[in-house]
Amino acid sequence: MKNKYGKIALDGVIFNNPTFVLVLGTCPTLGLISSASSAAGMGLTVVVILTLSNILISAFRKIIPNEVRIPAYIVIIATLVTLARMVMEKFMPDLYDSLGGFLALIVVNCIILGRAEAFANKHTVLESAVDGLATGMGFTAALTIMGIICEFLGSGSLFGAKIMDFSIGLFATPAGSFIIYGLSIAVFTYILDTIARYRRVKANKLSRENLLDNRDLGESAAAPAAKEAE
Amino acid sequence: MTVKEFFKSKAFKCIITLLAILLVCGIILTICNALFYVSAEEKLGRAISKIYGEDVEYVEEEVDGGIELGSSQVNEVYEITTYEGDYLIKITGFEGYSGGTVTCWIRTNITGGAKVLKITIDSNVNQSFIYKVSDGALGTLVGEQDGDGFTEFEVGGIKTGASYSMGAITNAANGALKYVRAKYLATASASLGCGQNGYAVQFSQGGNA
Numbered sequence: 000m001k002n003k004y005g006k007i008a009l010d011g012v013i014f015n016n017p018t019f020v021l022v023l024g025t026c027p028t029l030g031l032i033s034s035a036s037s038a039a040g041m042g043l044t045v046v047v048i049l050t051l052s053n054i055l056i057s058a059f060r061k062i063i064p065n066e067v068r069i070p071a072y073i074v075i076i077a078t079l080v081t082l083a084r085m086v087m088e089k090f091m092p093d094l095y096d097s098l099g100g101f102l103a104l105i106v107v108n109c110i111i112l113g114r115a116e117a118f119a120n121k122h123t124v125l126e127s128a129v130d131g132l133a134t135g136m137g138f139t140a141a142l143t144i145m146g147i148i149c150e151f152l153g154s155g156s157l158f159g160a161k162i163m164d165f166s167i168g169l170f171a172t173p174a175g176s177f178i179i180y181g182l183s184i185a186v187f188t189y190i191l192d193t194i195a196r197y198r199r200v201k202a203n204k205l206s207r208e209n210l211l212d213n214r215d216l217g218e219s220a221a222a223p224a225a226k227e228a229e
Numbered sequence: 000m001t002v003k004e005f006f007k008s009k010a011f012k013c014i015i016t017l018l019a020i021l022l023v024c025g026i027i028l029t030i031c032n033a034l035f036y037v038s039a040e041e042k043l044g045r046a047i048s049k050i051y052g053e054d055v056e057y058v059e060e061e062v063d064g065g066i067e068l069g070s071s072q073v074n075e076v077y078e079i080t081t082y083e084g085d086y087l088i089k090i091t092g093f094e095g096y097s098g099g100t101v102t103c104w105i106r107t108n109i110t111g112g113a114k115v116l117k118i119t120i121d122s123n124v125n126q127s128f129i130y131k132v133s134d135g136a137l138g139t140l141v142g143e144q145d146g147d148g149f150t151e152f153e154v155g156g157i158k159t160g161a162s163y164s165m166g167a168i169t170n171a172a173n174g175a176l177k178y179v180r181a182k183y184l185a186t187a188s189a190s191l192g193c194g195q196n197g198y199a200v201q202f203s204q205g206g207n208a
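From first to last, the protein sequence lines stand for chains A and B. Going by numbering that gives the first Met the number 0, the first sequence opens with residue 0, and the numbers climb by one from there. Going by numbering that gives the first Met the number 0, the second sequence opens with residue 0, and the numbers climb by one from there.
Derived from the structure by calculation, the hints contain no laboratory data. Owing to the predicted nature of the structure, the values given are computational and were not obtained by experimental measurement. Glycine included, every Cβ here is placed at the ideal spot set by N, Cα and C.
Cβ pair distances, simulated, as ranges:
#1 B/L34 x A/R198: 49 to 55 Å
#2 B/L21 x A/G100: 20 to 26 Å
#3 B/T80 x A/I190: 57 to 63 Å
#4 B/F6 x A/D96: 45 to 51 Å
#5 A/I190 x B/S38: 47 to 53 Å
#6 A/I190 x B/S97: 42 to 48 Å
#7 A/N209 x B/I15: 57 to 63 Å
#8 B/F6 x A/L104: 35 to 41 Å
#9 A/V186 x B/T139: 35 to 41 Å
#10 A/L104 x B/I15: 26 to 32 Å
#11 A/F177 x B/G65: 37 to 43 Å
Pulled out of the complex, with its shape left as it was, chain B reads as follows:
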């Protein structure tokens, strides 16, 4: 096949058609990506607004690479300046169903003692039955906290898929309480153990050290 024949062949037409379609689609997607791009900040703002049901102002606290608290890990912490004493914590609870994890947004308030006000599930790993954990169940869990925090969620002593997931959520909620008590409550004198980076994160009276 000569070069001239190739340019007149069906194969050449196929290549050109596909390349043209790819080029046009690529250009359209590039333009639209610039137009409809959702930044990480916008996503965070949405997530926080969804939890509070309104737009709130917040300040990000520094959590260097995550703080591990045994059965949970604090990933992100935000001080909600719109509400006094409100802290929103993104925390991962361990020991869920099939050894997986549940990451939650936990709204805490330290006015008059640390307490959890709301729990929202962000994501999960291997939690096949997480769909059974409704907002109503999370609301019930929040209502059942005592002075120390949350006791393990069990139905009739039997642990199944969803109650294992609830166990991970309980661990996350207790971790969030432990964190705010240790870091923000003036009366606290607690150790949060070793951080993910291997250094000990110690908190003493009056704030963080």
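Chain A on its own, in the form it takes in the complex:
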């Protein structure tokens, strides 16, 4: 049971990372990673909305007819996004201003609709909640890491605090974000490939050792029998 939730969480954060592996939610990614704080704010907003939408969709999956599931999901997600906008405008006006139009666009974010369709409508509420949380955290981590790189290179600052005077203007634009995004995908894929190769080598080594052990056992068991036959 514990393993199941651990696997869901690991899938969401690493092996099915929505940004680096599934390449979903590219629009807010390219639009917001020029500032680390905006990227982190966007990520955390998606965590909340994704977790709540997964919970609600999973809870109502047996009530909502299959034929109208997509419009039903959109209405639920749009309601959650509107609620998040209201709360942010009231209590976090700076973050609300920095996210701008991208906040409203969460309604059509592929990650949220994708997880609703691919996971939440087939799994229990708890599993869907874990998936929403993990996928959201994966998205937040990816955005924040790229935001830190872009802000450092593009503005010479980190989370708004000036660190150096040197900066490369390109990385403060969506074009620069695109370059960083591509490079990040390459690095992440390389790391995942290395892990997979290491695991494969380890598994091969283990199976070879088992095979040799079995052969040794077979030979040692066969030797006395052959002696007796002689």
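Please build the complex by placing chain B on the supplied structure of chain A, with the hints as guidance.
Below, chain B without anything else, positioned relative to chain A:
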């Protein structure tokens, strides 16, 4: 299909489910809208607090439909009673990049002559490169004002996207100075030209007419 069959059909179930979801969501949003509504006054208070870095008291001055000053337009004016001689002006500067505009909040003070103390960007139209205009650049612009106001912002004689936006901001800052000099400084005798509504707004010594 009979009426009875329709009520038992999948189509009816789909309609009812969607309507129920819509109704519940609508009720939740209505309640939350009442709870989290941010009034225009609250938004204005926030904007002013952001500029001053603290809560300040202010009195709104009457600007009937906006006053056009050639390359800028005064939209709103507030007297900040917390600081003597402080006026906060929301003004739109024209002739930006691609013929667009930049709307700024400009903090002015008339104690010992009109001067701009701070410029904050509120919004813009068509200014694709406005993100390049940092707070630091605006601070530099404020520091470069001479007795008459601001000269046009140019880097090496070349005007590109961001410097066109800076041009609009400069127009806004000069407009704000022109406005406070004409309206609030006792020594001023100036004409602000035609207002948006077509009437001439004249100011003479001693205040507005």
